[in-house]
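Visitor: Starting from the known structure of chain D, arrange chain H on it as the hints suggest.
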Amino acid sequence: MSCLDTIQAYAFRSLGYGERALPTTDFTFCQQATLIGSGLAWNIYFGVVALLAGFFLAIGIALARTSHKAWVRKPAEWLVFIFRGSPLFIQFFFGYFLFLSLKGQFPGLGILTSAWLGALIVLFFNTAAYSAEIFNGALQAIPKGDLEAADAYGLTGWTKFRRIVFPTMLRLAWPAYTNEAIFLFHATTLVFVSSFPAIQQKGDALYYAQYFADKTFNPFVPYPILAGYFVLLTMAIVGLFWLGSRWLNRHMPSSTGRWRAKFQVIR
Amino acid sequence: MCADPSTLSDALWFLCYLTTGKHLGFYASFGTVLLLLLVTAPAALLLGFGGAMLARSRVAPLSWIGKAYILLVRGIPDIVFFLFFVIALDQGFEYLRHRLLCPDWDQPVRQGNDFVVCDIAKLPLSSSPQWMHEVYGFFLAVLTFAIVFGAFAGNVLFGAMRAVPRGQMETAEAYGMTHRQAFWRVLVPQMWVYALPGLSNLWMVLIKASPLLFLLGVEDIVYWARDLGGSKTPQFTDFPHGDWRMWYFLFLLVFYLAFTRVSEIVLDRLMRRFTHGQAVAGGEAQRKAAMAGPA
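Chains as they are written, first to last, in UniProt numbering: chain D, 1 to 267; chain H, 1 to 295.
Check the hints yourself; a few may be wrong.
[As the list claims (entries may be wrong)] To give a feel for the contact side, a few chain D residues facing chain H, derived at Cβ under 8 Å:
{"id": "1", "residue": "Ile-82"}
{"id": "2", "residue": "Ser-101"}
{"id": "3", "residue": "Gln-105"}
{"id": "4", "residue": "Val-193"}
{"id": "5", "residue": "Gln-201"}
{"id": "6", "residue": "Leu-206"}
{"id": "7", "residue": "Tyr-207"}
{"id": "8", "residue": "Lys-215"}
{"id": "9", "residue": "Pro-219"}
{"id": "10", "residue": "Val-221"}
{"id": "11", "residue": "Val-231"}
[Unchecked claim] Straight-line Cα separation of at most 20 Å, EDC-like style, residue types lysine to aspartate or glutamate; simulated pairs:
{"id": "12", "chain 1": "D", "residue 1": "Lys-103", "chain 2": "H", "residue 2": "Asp-243"}
{"id": "13", "chain 1": "D", "residue 1": "Lys-215", "chain 2": "H", "residue 2": "Asp-90"}
{"id": "14", "chain 1": "D", "residue 1": "Lys-215", "chain 2": "H", "residue 2": "Asp-114"}
{"id": "15", "chain 1": "H", "residue 1": "Lys-122", "chain 2": "D", "residue 2": "Asp-214"}
{"id": "16", "chain 1": "H", "residue 1": "Lys-22", "chain 2": "H", "residue 2": "Asp-243"}
{"id": "17", "chain 1": "H", "residue 1": "Lys-122", "chain 2": "H", "residue 2": "Asp-106"}
{"id": "18", "chain 1": "D", "residue 1": "Lys-215", "chain 2": "D", "residue 2": "Asp-26"}
{"id": "19", "chain 1": "D", "residue 1": "Lys-202", "chain 2": "D", "residue 2": "Asp-214"}
{"id": "20", "chain 1": "H", "residue 1": "Lys-122", "chain 2": "H", "residue 2": "Glu-94"}
Derived by calculation from the structure, the hints in this document are not laboratory data.
Cβ atoms here follow ideal geometry from the backbone N, Cα and C, with glycine treated the same way.
Bound conformation, chain D alone (with noise of 0.2 Å):
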C-alpha cells in the first residue's frame, strides 16, 4: 500500500470515514503519521467549540464576580473555585460518570455521555473558568482615566461597556488569553485517554499515538509527531491570536510589531 492509498484510507478516519481496520502489522511511518493527523481534528473541534463559548461565558462569570449582590457573585466566584482548584483528569472522571448516572435515571441524556458533547462541557465550563479569572484581573486593571473619560462624556450601562469597558478588558487580556488557549488545546488530548470511550476507535490524535506506541512498543516514532503537529497546531494560535491583537490595537499608535505573546508554559 503506497503512502496515497494510506492518506485515502485513514484520512478522515477519526470521523468515521475510510478504512474501517486500524492497521495491526507492518506499521510505516506513512500510517502512523496520516492516523494521528486525522485524530488532530477531535483536538481542533475540541479547542475551537469550548473556546469560542466559554469566550462568553467567561465574559459573563468576569462580570458577575464584580457585582455587588452575593447571590450573583457567589455562584460565579464557586464555579471558578472549583474548576481552576481542582484537576482537569478528575474533571473528566467526575463528568463522565456524572453523565452516566443521570443516563441511568433519564435515558434521553444519553448523548451527554458521548465524548463530542460530554467532554466538551467539561471543556467549555474549564477553560470559561480560567478564562473568567484572566478577564477578571483584566477588568480590575482597566485604567482608571478610560473610566472617568467615559463618564465624562456621559456614557453609562450597556454603552460604556460597549464602547470602553469591554474593548479594553480584552486588550488587556490577550495574552493571557492566547496563552490559556493554547493550554486549552493542549488540554483536548485528555479526553480519549481518561474516562470518555473512543467509539468505534475514533479518537484524537494521543488516542492514536498512543495506539500505535502500545502495538509496537517504540515509543520514537509516534509520539514524536504528535508532538510535531501539535507545535504547529501552537504556531497556528498564536499567529490568529497575533492577527486579533493587531485589530484590537488598530486605533492605538505604533500598534503594529509591539505585540508580544506572553509565553509562558504553565497555566
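Guide: For chain H alone, coordinates are given in the frame of chain D:
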C-alpha cells in the same frame, strides 16, 4: 462485627465498608500521591535550576541545550511527555544495562514490534518480588514528572535570574567578584522573590497533574477510585453496591480542592515573608503598612 454485613444497619454497614482492606489501600494511595509531590518538587527544582544555568551559559552550545530543554515543553501537551518518557526511560535503562551486561549479544534490540534485551538486563529482574516492580514503576513516574516539571521550573528560574536588577550584578563586579562569585552570592539569593509567583503557580500545576500517575501505571487514587466505585455483585463481595464511581470521584474532586486551597494560603504567607524587606512593590507595601500602623 463486619463478618456478615447484610444484617448491619446503614451506619455500621458504611463503617465496615469503608474499612475493608481495599479501602485501606485506597487511603494509602493518597500517601503515594503526596510522596510523588514531595519527591518531585525538589527534583524538578534542581533540574530546572540546571536548565536555567545552562540557558544562561556563555558557551553557545550549552545555552542552546538549556534553551531547547526549556522551550520544548511549550507547544507540546505535557501528557505527551508523560506517556513518552515513561516508556522511553524504561527502554533506555534496559538498553544501557544490556550493552554493559551482555556485550556478546549479537541480535538487534528491536525485533519487529518487540523490544528484546538479555534476561539479566531486564528492569526489574523477572525474578524480583512484586514490590520491586511497583517501586521501579514509581521511580520511573517520579523521574518523568521531574523531567517535565524541571523544564517548567527552568523557565521560571531563567526569567527570575533575568529579573534581578542589572545594577546588583554591576555592583558585584565593581567589588571585584568573579562571575561565579557574583552568580552564587548576589544573583541566586535575590532571584527567589522573582521566582516565587511562578514557582507557586508551578506547584499548583504539579498538584493538578498528579492524577496523571494513573496513566503511568502506578496504583494511585484514580486507579482505586475506579476499582472500588464500580458496581459489585453479591457473588464477589460482602458489600454489594451499584455504580458509585461518581461519588468516589466527587471525593477526589473535593480532596484536590482542599489541597489546592491550603497550598494557596500557605504560599501566600510564604510570599509575604519573602518580599519582606526586598526592594520590590510587595516589600514596599509592607513597609508602608508597617509605618502607617500604630507606631
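Visitor: If a hint holds in the structure, say so; if it does not, say that too.
Guide: Consistency of the hints with the structure:
1. At about 7 Å, the closest approach between the beta carbon of Ile-82 (chain D) and any beta carbon in chain H falls short of 8 Å, and the interface hint on this residue holds.
2. Satisfaction of the interface hint for Ser-101 (chain D) is found here, the shortest Cβ-Cβ separation to chain H being roughly 5 Å, below the 8 Å cut-off.
3. Annotation: interface hint on Gln-105 (chain D) violated; nearest CB of chain H at approximately 12 Å, more than 8 Å.
4. Contact between Val-193 (chain D) and chain H, as hinted, is supported at the beta carbon level, the nearest pair being about 6 Å apart and thus within 8 Å.
5. The interface hint given for Gln-201 (chain D) is broken, as the beta carbon of that residue sits about 18 Å from the closest beta carbon of chain H, more than 8 Å.
6. The beta carbon of Leu-206 (chain D) is positioned within 8 Å of a beta carbon in chain H (closest approach about 7 Å), and the interface hint is therefore held.
7. The beta carbon of Tyr-207 (chain D) is not positioned within 8 Å of any beta carbon in chain H (closest approach about 11 Å), and the interface hint is therefore violated.
8. At a threshold of 8 Å, the smallest CB-CB gap from Lys-215 (chain D) to chain H is about 6 Å, leaving the interface hint in force.
9. For Pro-219 (chain D), the interface hint holds, since its Cβ comes within 8 Å of a Cβ in chain H; the closest pair sits about 4 Å apart.
10. Annotation: interface hint on Val-221 (chain D) violated; nearest CB of chain H at approximately 11 Å, more than 8 Å.
11. Hint status for Val-231 (chain D) relative to chain H: holds, with the closest Cβ pair at about 4 Å, below 8 Å.
12. This hinted pair checks out: Lys-103 (chain D) and Asp-243 (chain H) have alpha carbons roughly 12 Å apart, not beyond 20 Å.
13. Among the hinted pairs, Lys-215 (chain D) with Asp-90 (chain H) is consistent with the structure: their alpha-carbon atoms are about 16 Å apart, no more than 20 Å.
14. For the hint pairing Lys-215 (chain D) with Asp-114 (chain H), the CA-to-CA distance comes to about 9 Å; that is within 20 Å, so the pair holds.
15. With a CA separation close to 19 Å, the supplied pair Lys-122 (chain H) and Asp-214 (chain D) stays within the 20 Å bound.
16. Under the criterion of a C-alpha separation no larger than 20 Å, the hint pairing Lys-22 (chain H) with Asp-243 (chain H) is consistent with the structure, at around 17 Å.
17. Simply put, Lys-122 (chain H) and Asp-106 (chain H) have alpha-carbon atoms about 17 Å apart, close enough for the 20 Å limit, and the pair holds.
18. Between the alpha carbons of Lys-215 (chain D) and Asp-26 (chain D) the distance comes to roughly 10 Å, so the proposed pair stays at or under 20 Å and holds.
19. The hinted pair formed by Lys-202 (chain D) and Asp-214 (chain D) meets the criterion: a straight-line CA distance of about 17 Å does not exceed 20 Å.
20. Distance check on the hinted pair: Lys-122 (chain H) and Glu-94 (chain H) sit about 6 Å apart at the alpha-carbon level, within 20 Å; holds.
In the structure shown, a violation is registered for the earlier hints numbered 3, 5, 7 and 10, in ascending order.
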